[in-house]
Amino acid sequence: MLSKMLLGRYIPGSSIIHRLDPRAKIIAVVLFMVIVFFANHWTGYGLLILFILTLTKMADLSPRFLFNGLKLILILLLFTFFMHLFLTKGGTVLIDGGFFTIESEGVITGIYITIRLAMLVLITTIMTLTTSPLQLTDAIERICRPLKAIRVPVHEIALMMSISLRFIPTLMDETEKIIKAQSARGSTFMAGSLTSRLQALTPIFIPLFISSFKRAEELAIAMEVRGYQGEEGRTHYRVLNWEFKDTMVLILMIIFGIILWVIRQ
Amino acid sequence: MNITFKNLTSIYHENTPFEHLALNNITTTFEEGLYYGIVGHTGSGKSTMIQTLNGLLLPSLGEVHAGNIVLRRKSRQRNIHQVKKHVGMVFQFPEHQLFEETVLKDVMFGPKNMGMDQRTAEEKARHYLHLLNIDASLFDTSPFDLSGGQMRKVAIAGILAMEPEVLILDEPTAGLDPESHIETMELFQNIHQDMGITVILVTHDMNDVFQYTDQVKILSEGHLVKEGRTDDLLTDEVLLERYSLEPPDIVRLVHDLERKGITFEQMPKNVEAFARLYEEWRTNHAQ
Chain W
1 MLSKMLLGRY IPGSSIIHRL DPRAKIIAVV LFMVIVFFAN HWTGYGLLIL
51 FILTLTKMAD LSPRFLFNGL KLILILLLFT FFMHLFLTKG GTVLIDGGFF
101 TIESEGVITG IYITIRLAML VLITTIMTLT TSPLQLTDAI ERICRPLKAI
151 RVPVHEIALM MSISLRFIPT LMDETEKIIK AQSARGSTFM AGSLTSRLQA
201 LTPIFIPLFI SSFKRAEELA IAMEVRGYQG EEGRTHYRVL NWEFKDTMVL
251 ILMIIFGIIL WVIRQ
Chain V
1 MNITFKNLTS IYHENTPFEH LALNNITTTF EEGLYYGIVG HTGSGKSTMI
51 QTLNGLLLPS LGEVHAGNIV LRRKSRQRNI HQVKKHVGMV FQFPEHQLFE
101 ETVLKDVMFG PKNMGMDQRT AEEKARHYLH LLNIDASLFD TSPFDLSGGQ
151 MRKVAIAGIL AMEPEVLILD EPTAGLDPES HIETMELFQN IHQDMGITVI
201 LVTHDMNDVF QYTDQVKILS EGHLVKEGRT DDLLTDEVLL ERYSLEPPDI
251 VRLVHDLERK GITFEQMPKN VEAFARLYEE WRTNHAQ
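From first to last, the protein sequence lines are chains W and V. Going by full-length UniProt numbering, the first sequence wraps up at 265, each residue one higher than the last. Going by full-length UniProt numbering, the second sequence wraps up at 287, each residue one higher than the last.
These aren't lab readings, by the way, just hints derived from the structure by calculation. Accuracy of the hints is not assured; some may be wrong.
[As the list claims (entries may be wrong)] In silico PhoX-like links for lysine-lysine, alpha-carbon gap of 25 Å or less: (1) W/Lys57 - W/Lys245; (2) V/Lys269 - W/Lys214; (3) W/Lys71 - W/Lys89; (4) V/Lys74 - W/Lys177; (5) V/Lys269 - V/Lys226; (6) V/Lys74 - V/Lys6; (7) W/Lys177 - V/Lys112; (8) V/Lys226 - W/Lys180; (9) W/Lys180 - V/Lys269; (10) W/Lys148 - W/Lys177; (11) W/Lys214 - V/Lys105; (12) W/Lys177 - V/Lys260; (13) V/Lys269 - V/Lys6; (14) W/Lys180 - V/Lys6; (15) W/Lys180 - W/Lys214; (16) V/Lys74 - W/Lys71.
For clarity, every value in this text was computed on a predicted model and none was experimentally measured.
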């Protein structure tokens, strides 16, 4: 069940996408998120989909694996689609069901918005699948460095992020173990009424909280005995290298954006 | 209750880049009333095997027969629940599963899930807590106020109170001091002998496997490579070497002594037995 979680998971590889500077990837993703909103008709959306497919191919990810990840937000996608289907009015009436109508404008907007959402999720999924969490936090720390001028504790925030990211798999494992231990004791959270399912969560969450607090304290002690005292005087073990190909990626992204802007209607 | 694996294959993360074949076409039987040991190197499939035994994992291919119940790739929750009732499992660090307000309530959690009423559950809970030497004055305290060793006993009582016919132990002595280690292993031995429960022990401690189990199954990279009597398999140093397993200390000692010309009539199972046999040998040779 938990093994299907794709969010925030990194698949090691050596494709061109994997080897890009994480800063370039983050900036490119942000650019893409803006570009997605340029598209306003079929050609534009077609280009976006083509772009994502090319990217998947270049990153050596199996499309099926990627779309499995999309299943997670399937409900959100469906919800958005149906909201537009029923609530957006305009164009010709396709179905008149008395108290509701489905109009052509609704169908089209529904599909557009759903594609937009899916694109946004897919591009970020591609980024997290091809970039290790540590690289990502390093990159965020670097990108946000100017904020230090206005006293934003950039290093501490980055550290908090990398610690949380680091512990996601640990917590997942822990959760899975506890779920197994409790279900071996006959706890059933896969069946029964909603209340009994909710009650069945207590035996999972209490041990999980306890072990998380213990772990947090141990980590704090471990950091203190190693003399950790914030950013002052620290050098980086992993050094980010901005190369020509990273600049190229951003230029290509901007060109892609311009194309989408030009074909707007 | 016998548990049988029929051509069982278990695959993790099927159809993803993380796909991993954990168990490969295994056919074997765990017979009622015996004490089994499952040994193998890290990653050999031991955990997968025991989790498949009580329905926590379902086979990807093949079948598990637990008594009359058959588990397959897509078995129903009800059947799985039935198997859990008969097959109890003590996980590594079982104290991590405690969650209730009081010790007694925590032990009653399992029995109640298995359909026992409040009174029977409480009776069972008290009985097994006594059996594990937990003082009655602790029954109404929070399990989180107990010491580590007591917490583990309470957690074990929680499994025993479900009265399983088969008991699976996954590294039950990990992190215990030597004294508690012996105490815990003796306890399982007594439960096995007095109540006739089938016990399946998974551990890296070959000394425990040698001393307590009747039968051993050796796993290597997902294959069941050897099964048979503990006395035969664990005294065969060549065989153990092949699967990078350490022979039990006593076996090694006795074999070393044999090379020096000191031979015993039988293989001692623990230190006391060894001392006795050595004493006999000395008296025989003193004359």
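Name the hints, by number, that the structure is in violation of. Violated: hints 2, 3, 8, 9, 10, 12 and 13.
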